[in-house]
Amino acid sequence: MDLFSAHDVTKQYANHKALDKVSINVAEGHIFGLLGPNGAGKTTLIRIINQIIAPDEGELQFMGRKLQPDDIALIGYLPEERGLYKKMTVGEQAMYLAQLKGLSYQEAQRRLKYWFEKFEIKSWWTKKVEELSKGMQQKIQFLVTIIHEPKLLIFDEPFSGFDPINANQLKEEILAQKEKGATIIFSTHNMSSVEELCDDIALIDRSKVVLSGSVRNIKKTFKTNTFGISFNTFDGPLQSILPAEYQVLSENADADHRHVQIKLPSDATSNDLIKVLLPHVTIYAVNEKIPNMNDIFIQAVTQQAPSTITQY
Amino acid sequence: MKKIFLIIRREYLTRVKKRSFIVMTILGPLLIAATMIVPIYLANRTADTKKVAVLDESGIFYEKFKDSEEIKFHYLVSDITTAKANFSKSEDDALLFIPKTEVTLPTNAIIYSEKSVSINVTSYIKNVMSKQVEELKLQAQLRELQTDKKNPVSVDDILKSIKTSVDINTMKIGEDGKESKSYTELNMVLGMVSGILIYFFIFMFGAQVMRGVIEEKTSRIVEVIISSVKPFQLMMGKIIGVGLVGLTQFLLWVILTFGIVTVVTSTMTSKDVNKSATEQLMKQKTGMSPDNSGSVTSQDASAEGMSVVMDAIKSVNFPVMIGAFLFFFLVGYLLYAALFAAIGGAVDSEADTQQFMFPITVPLILSIVMAQYIIQDPDGPVAFWFSIFPLTSPVIMMIRIPFGVPYIQIILSMVLLLLGFLGTTWLAARIYRTGILMYGKKVNYKELWKWIRYK
Numbered sequence: 005m006d007l008f009s010a011h012d013v014t015k016q017y018a019n020h021k022a023l024d025k026v027s028i029n030v031a032e033g034h035i036f037g038l039l040g041p042n043g044a045g046k047t048t049l050i051r052i053i054n055q056i057i058a059p060d061e062g063e064l065q066f067m068g069r070k071l072q073p074d075d076i077a078l079i080g081y082l083p084e085e086r087g088l089y090k091k092m093t094v095g096e097q098a099m100y101l102a103q104l105k106g107l108s109y110q111e112a113q114r115r116l117k118y119w120f121e122k123f124e125i126k127s128w129w130t131k132k133v134e135e136l137s138k139g140m141q142q143k144i145q146f147l148v149t150i151i152h153e154p155k156l157l158i159f160d161e162p163f164s165g166f167d168p169i170n171a172n173q174l175k176e177e178i179l180a181q182k183e184k185g186a187t188i189i190f191s192t193h194n195m196s197s198v199e200e201l202c203d204d205i206a207l208i209d210r211s212k213v214v215l216s217g218s219v220r221n222i223k224k225t226f227k228t229n230t231f232g233i234s235f236n237t238f239d240g241p242l243q244s245i246l247p248a249e250y251q252v253l254s255e256n257a258d259a260d261h262r263h264v265q266i267k268l269p270s271d272a273t274s275n276d277l278i279k280v281l282l283p284h285v286t287i288y289a290v291n292e293k294i295p296n297m298n299d300i301f302i303q304a305v306t307q308q309a310p311s312t313i314t315q316y
Numbered sequence: 002m003k004k005i006f007l008i009i010r011r012e013y014l015t016r017v018k019k020r021s022f023i024v025m026t027i028l029g030p031l032l033i034a035a036t037m038i039v040p041i042y043l044a045n046r047t048a049d050t051k052k053v054a055v056l057d058e059s060g061i062f063y064e065k066f067k068d069s070e071e072i073k074f075h076y077l078v079s080d081i082t083t084a085k086a087n088f089s090k091s092e093d094d095a096l097l098f099i100p101k102t103e104v105t106l107p108t109n110a111i112i113y114s115e116k117s118v119s120i121n122v123t124s125y126i127k128n129v130m131s132k133q134v135e136e137l138k139l140q141a142q143l144r145e146l147q148t149d150k151k152n153p154v155s156v157d158d159i160l161k162s163i164k165t166s167v168d169i170n171t172m173k174i175g176e177d178g179k180e181s182k183s184y185t186e187l188n189m190v191l192g193m194v195s196g197i198l199i200y201f202f203i204f205m206f207g208a209q210v211m212r213g214v215i216e217e218k219t220s221r222i223v224e225v226i227i228s229s230v231k232p233f234q235l236m237m238g239k240i241i242g243v244g245l246v247g248l249t250q251f252l253l254w255v256i257l258t259f260g261i262v263t264v265v266t267s268t269m270t271s272k273d274v275n276k277s278a279t280e281q282l283m284k285q286k287t288g289m290s291p292d293n294s295g296s297v298t299s300q301d302a303s304a305e306g307m308s309v310v311m312d313a314i315k316s317v318n319f320p321v322m323i324g325a326f327l328f329f330f331l332v333g334y335l336l337y338a339a340l341f342a343a344i345g346g347a348v349d350s351e352a353d354t355q356q357f358m359f360p361i362t363v364p365l366i367l368s369i370v371m372a373q374y375i376i377q378d379p380d381g382p383v384a385f386w387f388s389i390f391p392l393t394s395p396v397i398m399m400i401r402i403p404f405g406v407p408y409i410q411i412i413l414s415m416v417l418l419l420l421g422f423l424g425t426t427w428l429a430a431r432i433y434r435t436g437i438l439m440y441g442k443k444v445n446y447k448e449l450w451k452w453i454r455y456k
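The listed protein sequences derive, respectively, from chains S and Y. Read in this note's numbering, the first sequence has 160 at position 156, and its numbers run on one by one without any break. Read in this note's numbering, the second sequence has 396 at position 395, and its numbers run on one by one without any break.
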């Protein structure tokens, strides 16, 4: 079931169209990656979901009904451009932001106490924000984003500004939120984190969704039936023993083995390849070359996307 | 509603706790008190003896004004036309004219002088006159009691019925004998002070709103907040919060200034400064019959300085004055604060505000520049139009009000100001909600116009 969906959302600014009939479906309990180059319209879409700006056209569904103004209490948003009041103390600030999200004073205090203990940052409570490092501030920001236990969490470039250790802690915390049942929309340029975290993605380019679907299906579609083979005991050109429609893409070698990448015709499988090679060479390893998200991203944005997958 | 309250509370508390607020709250009253006390002190110090000619048509005040170190009185037997004609040739500093009244006892007097008379002189004359009239009234009452014993009247009733307040008008008389009614200084002072106060507060706290918005923008917290509240709520919360800070500071200033002035003037008068006047007063009092001493001695000598001011203040329509001040003070602030908030939203740093500040500061500064002119002619067409136009009315109307403005004009001005407030807030909200999410963009008026038209 979709927790959130947008249908044909269009947003026109004076000089350009920020979103052009954009539709996304975010399944409940999934982590949804919102990808796209800079200026594609990701932030505009996120602001529309947060009801910071209104779309010109289109419909937004949340929990099976139309998105309502009160729903902001059920959404947690960590914007890309994020900051804190420098002159306020950490405690005052966290209390203020938590209460703005609709928590009562007592409830806000109870939950903040829990989280400050969990993150081992209790000593920060009375410090001024300007005394904290950027990474420390990011922690506070993350914490106030999830403090009201929202159904939908939206992170815009959450890892920027974190060192690897804190980034890892954050990643675990995001996964923990997923475990607790939260649905997460996750906008990033960092493709390796997309592969690690996301179940589904939508790729927005020039105001349009050019690619969407589950990460697994997308990868399947972008597969080119290419295999890597490691072997030895054969020194001649490999193409000479292969059928003409088997294409050698690249080759390199180390002291023990030769490593060759071969693109098969669409009806051939890895077994066919092994059958052809077996009489001539000693095979050490065969593996399918699956494109990573980075390649898919670049391919989809620079060329026209080969197909748009809508099934999940 | 709960959220806007949270915003107001944050805006208010963070500002009130700042060191600069506390310093301003203490320094302000000290400065104001000093500017009030020093001139009084200096005026009282001048040892010049004033000569006052008294033309009393009724004759009941003859020889009642006693000479002191400061004032010497002499009595004329003449009519007012010749007295005025002779005045500029004489050595007198002032001519006190008490016109005859037919039925009641005289309670009005006019002081003609070339230079304005000090407040000590007028207060002394006022005191003597009211005491004399009260005494005569009391005698009449006592006579009545003696002749009509069937209707016993309580002492309280008598005291109430004899209570008299005296009005003194000050007229300036030129060398050529031509007189021009000098607008009583109090009206001018009240008008100017309230006008300048409003001007000052709009600028000071409007700029605070603007800085607050810029701070939220540069610290990048604004997007976090407006994912919880509407931009309009954030803007209004800030404007109201800062406005309450202004109101708090204003009230603290009034209370502290009043306190300081009271303490200082009372110590001043109890020493040598008003000694002669005080002695005179005491003599008058002891000369009274003991029955009515209760009501007359209620003005105790040390409070004399204050009571003079109080007397003067009584002549102003106070409810209208205070009501109008609060209205123009608050709505004027709200109108301008919305514009300041819009500027803060449109720019990235305080350095970029200049081009947009211009249209806001022009009407405000123009109001203050025009004030000197308007105070000379508070009922003229210029004064009228400036006090109706919403961007100038907060300052100009407050300058006019102490001189007396028809209610219809005040109401018209208030309605237009309210409409102006709604208009600027609507406009500002549209600029603000787009501007706060824009970074690194050079904004001009064309761009702002575009923002206003966004859906």
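Any given hint could turn out to be false.
Claimed, not checked - As a list, the in silico DSS-like pairs of lysine-lysine whose alpha-carbon atoms are at most 30 Å apart:
(1) Lys122/S x Lys70/S
(2) Lys212/S x Lys443/Y
(3) Lys231/Y x Lys90/S
These are calculated hints, taken from the structure and not from any lab test.
Now the hints, each set against the structure:
1. Lys122/S x Lys70/S: 36 Å, violated
2. Lys212/S x Lys443/Y: 28 Å, holds
3. Lys231/Y x Lys90/S: 22 Å, holds
The structure is inconsistent with hint 1 alone, although it conforms to all the rest.
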